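**Q** Can you make the complete structure from the sequences, with help from the hints?
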Amino acid sequence: MTVVTGHNGAGKTTLLEAIGYASTLRSFRGGQKEALVRNGATRAIVRADLADGDRRALVEIEIDPSRRDRVQLNRQRLARPEDLLEALRVTVFTPDDLALVKSGPELRRDYLDTVLETARPRLALVRRAVDRALRQRNTLLRQAGGRLTAEVAATLDVWDTQLAKAGDQLVDARRRLVDALAPPAAAAFGRLTRLVEPLELTYRPSYDPPLLDALAAARPDDLRRGTTTIGPQRDDLLVACGGLDARTRLSQGRQRSAALALRLAAHEVVTDKAAARPVLLLDDAFSELDRATATALLDELGRLGAGQAILTTAGPVPDGIDAALVLQLADGRLTPVPR
Amino acid sequence: MDELGRLPGIGPKSAQRIAFHLLKVAKEDALRLARTIVEVKERTVLCSTCFNIGIGERCAICGDDRRDRTVVCVVEDPRDIVAVERTREFRGRYHVLGGALNPIEGVGPEQLRIRELLGRIDTDGIAEVILCTNPNLEGDTTAMYLARLLRPLGVRVTRIASGLPVGGDLEYADELTLGRALEGRREVDA
Ligand SMILES: [Zn+2]
Numbered sequence: 033m034t035v036v037t038g039h040n041g042a043g044k045t046t047l048l049e050a051i052g053y054a055s056t057l058r059s060f061r062g063g064q065k066e067a068l069v070r071n072g073a074t075r076a077i078v079r080a081d082l083a084d085g086d087r088r089a090l091v092e093i094e095i096d097p098s099r100r101d102r103v104q105l106n107r108q109r110l111a112r113p114e115d116l117l118e119a120l121r122v123t124v125f126t127p128d129d130l131a132l133v134k135s136g137p138e139l140r141r142d143y144l145d146t147v148l149e150t151a152r153p154r155l156a157l158v159r160r161a162v163d164r165a166l167r168q169r170n171t172l173l174r175q176a177g178g179r180l181t182a183e184v185a186a187t188l189d190v191w192d193t194q195l196a197k198a199g200d201q202l203v204d205a206r207r208r209l210v211d212a213l214a215p216p217a218a219a220a221f222g223r224l225t226r227l228v229e230p231l232e233l234t235y236r237p238s239y240d241p242p243l244l245d246a247l248a249a250a251r252p253d254d255l256r257r258g259t260t261t262i263g264p265q266r267d268d269l270l271v272a273c274g275g276l277d278a279r280t281r282l283s284q285g286r287q288r289s290a291a292l293a294l295r296l297a298a299h300e301v302v303t304d305k306a307a308a309r310p311v312l313l314l315d316d317a318f319s320e321l322d323r324a325t326a327t328a329l330l331d332e333l334g335r336l337g338a339g340q341a342i343l344t345t346a347g348p349v350p351d352g353i354d355a356a357l358v359l360q361l362a363d364g365r366l367t368p369v370p371r
Numbered sequence: 109m110d111e112l113g114r115l116p117g118i119g120p121k122s123a124q125r126i127a128f129h130l131l132k133v134a135k136e137d138a139l140r141l142a143r144t145i146v147e148v149k150e151r152t153v154l155c156s157t158c159f160n161i162g163i164g165e166r167c168a169i170c171g172d173d174r175r176d177r178t179v180v181c182v183v184e185d186p187r188d189i190v191a192v193e194r195t196r197e198f199r200g201r202y203h204v205l206g207g208a209l210n211p212i213e214g215v216g217p218e219q220l221r222i223r224e225l226l227g228r229i230d231t232d233g234i235a236e237v238i239l240c241t242n243p244n245l246e247g248d249t250t251a252m253y254l255a256r257l258l259r260p261l262g263v264r265v266t267r268i269a270s271g272l273p274v275g276g277d278l279e280y281a282d283e284l285t286l287g288r289a290l291e292g293r294r295e296v297d298a
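As they're listed, the protein sequences go chains P and H. Those letters in the first sequence? Residues 33 to 371, by our numbering. Those letters in the second sequence? Residues 109 to 298, by our numbering.
Mixed in with the good hints, there may be bad ones.
Taking beta-carbon pairs under 7 Å as the criterion, some of the chain P residues facing chain H (in silico) [as the list claims (entries may be wrong)]: (1) THR171; (2) LEU172; (3) GLU183; (4) VAL190; (5) THR259.
Looking from chain H toward chain P, a few residues come up when the C-beta cut is under 8 Å (computed) [what the hints assert, rightly or not]: (6) ASN210; (7) PRO211; (8) ILE212; (9) ASP248.
Read the hints as simulated data drawn from the structure, not as lab findings. The structure displayed is predicted, hence computed values, not measured ones. Where a beta carbon is used, it is the ideal one built from N, C-alpha and C, also for glycine.
**A** This is the structure in structure tokens:
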């Protein structure tokens, strides 16, 4: 494990954010692209030199909020962003993961889709098709102004077909993913909390498949509201423990353990399906944990086996961590700390 | 320089290079270029049948009696005709829609030349329509929309085979790939 220390505001999270960006072209902090560019600058550059055994890859990304990212892999322009995921995969742990359990369904859908894409990069195409078809359909619904002319009906028919084709594929993949995540998540949660009640993951769809029929049934409602009221964009992942909804019925400590279990399970599933071990990015991951949970998490990370891990911390290296390298981050520079 | 910089694919540096080049060349060379631009602009019109770019009422392809009028290749843009012609695989005629269904950009069936296409089915005795819209979501959706309109009319409706880069533009496909896609076209199940 590599540990990066530094004061708050030294840029530790930014460093992990940049590594994550070199894999997913998204920030795990969310937010607008503008936030990634230093004040006064017009663009940001991420450059990552990857080595895996004797394989090397150079990732270069130019982030300019006014246009699409320019991405190069080994100095070749990359046409399909999902190809980056073949070169680098990451699993991120942050104290903000609590929101994964606590807040609304959007973060949980995003969690599922990110794991799907990390495990099988081609699924990024399906997700993009869903997003695009949905935007087109919603625009059409708004333009219709609540009136269903023959032309609107015929045009809606084809957009429905497109949305349904991609949507059924995405939901099917999400369901199978939840089936794969549930056992390792329950096991990790049990070890983290020593609770007898298991953690349960259930995919909760917003409609009865197939999506095409559901869209037809929802059409009058959708026309009235000017938006698509059912579909993959309205589904949720239910997290429960002993039948209690984790969102509202668990203590914050247990919610945190549930979030850790989701991340650990994701790492396992991706490692398994992609036959490649993601780099663990642990952003101040121990700061909010009680001692027992911190120790249990360390055991969990140990179970994940060999692989690269980078931990940031504002304080000293947490107890029990066997750091191969400690780096101090100050004034934008990393320097090894002698031990 | 500002005028040149507005041309597609010309950045500020290229604009500067072209501007200095034009200042250096002989006067008649520069004037010939200017006259050509004016001439092309004044003489080219859209073909009244297929909406390809041409000179006069009918484009060169619609005016060529050796070309099969019963097979029509439907494309989004006149530039796509150039791409299909390069393959030398196609001996029929064309129909330019002028875009693809795209509500976000305000394009519905009314904004495309669909009525004109339907009008040609009987007049030209069209037996097969090959849907050559771009291999992306909007192009596929447009193809599906047209297939549903055309099939009840008893026309054979085919779509170029997949194998073209997904999400791409027809005009950037190389002629070999596009030729194979045309040859491997299949009947649409809409
Ligand atoms: Zn013509």
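**Q** Next, verify each hint and record whether it holds.
**A** Taking the hints in turn, this is what the structure says about them:
no., hint, result
1, THR171, "4 Å, holds"
2, LEU172, "4 Å, holds"
3, GLU183, "6 Å, holds"
4, VAL190, "5 Å, holds"
5, THR259, "13 Å, violated"
6, ASN210, "7 Å, holds"
7, PRO211, "4 Å, holds"
8, ILE212, "5 Å, holds"
9, ASP248, "7 Å, holds"
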